[in-house]
Amino acid sequence: MTNDISKKKGKGSSEKRAKRKTKRRETYAMYIYKVLKQVHPDTGISSRAMSIMNSFVNDLFERIATEASRLAQYNKRSTITSREVQTAVRLLLPGELAKHAVSEGTKAVTKYTSSK
Numbered sequence: 001m002t003n004d005i006s007k008k009k010g011k012g013s014s015e016k017r018a019k020r021k022t023k024r025r026e027t028y029a030m031y032i033y034k035v036l037k038q039v040h041p042d043t044g045i046s047s048r049a050m051s052i053m054n055s056f057v058n059d060l061f062e063r064i065a066t067e068a069s070r071l072a073q074y075n076k077r078s079t080i081t082s083r084e085v086q087t088a089v090r091l092l093l094p095g096e097l098a099k100h101a102v103s104e105g106t107k108a109v110t111k112y113t114s115s116k
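Residues 1 to 116, numbered by the UniProt record's numbering, are exactly what the sequence shown covers, in order.
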């Protein structure tokens, strides 16, 4: 008794086209939009402005990560903790902006640790 299913060709098996997988673009667009709506519910944002904001967030992330890494190396540590990130933020951001960023970061870390 032969297995008829194994002999049948699958649908489209004669066509040897490889499907191109598009590379996923990771952006902060969704999060930027959510924050915008929290602050100004009736305000929109153009795609060009969103692109600029995304670049800004990427640049700031890169700067903070680099500075935090440098601080960990100075203290002969191999792990970046919230302490290094907080210090990097204080060093990189000016005055009131640094204070707000530190308080929001502390709030986020507290929320995360309490949910564990």
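Possibly wrong hints are sitting among the right ones.
Derived pair list, reagent style DSS-like, types lysine-lysine, alpha-carbon separation capped at 27 Å [said to hold, decoys possible]:
#, residue 1, residue 2
1, 99, 16
2, 111, 23
3, 111, 99
4, 23, 34
5, 37, 76
6, 19, 111
7, 34, 107
8, 107, 23
9, 99, 34
Quick caveat, the hints were computed from the structure, so don't treat them as lab data.
Consistency of the hints with the structure:
1. Of the supplied pair hints, the one linking residue 99 and residue 16 is violated, its CA atoms being roughly 59 Å apart against a limit of 27 Å.
2. Proximity of residue 111 to residue 23 is assessed by CA-CA distance (about 33 Å); at most 27 Å being required, the pair is judged violated.
3. Pair hint residue 111 plus residue 99 holds up; C-alpha atoms about 18 Å apart against a cutoff of 27 Å.
4. At most 27 Å may separate the alpha-carbon atoms for a hinted pair to count; residue 23 and residue 34 meet this at roughly 24 Å.
5. For the proposed pair residue 37 and residue 76, the alpha carbon gap of about 42 Å is over 27 Å, so the pair is violated.
6. Distance check on the hinted pair: residue 19 and residue 111 sit about 43 Å apart at the alpha-carbon level, beyond 27 Å; violated.
7. For the given pair, residue 34 sits about 18 Å from residue 107 by alpha-carbon distance, which is consistent with the 27 Å threshold.
8. At roughly 34 Å between alpha-carbon atoms, residue 107 and residue 23 are farther apart than 27 Å, so this suggested pair is violated.
9. Distance hint between residue 99 and residue 34 is fulfilled; the C-alpha atoms sit about 22 Å from each other, no more than 27 Å.
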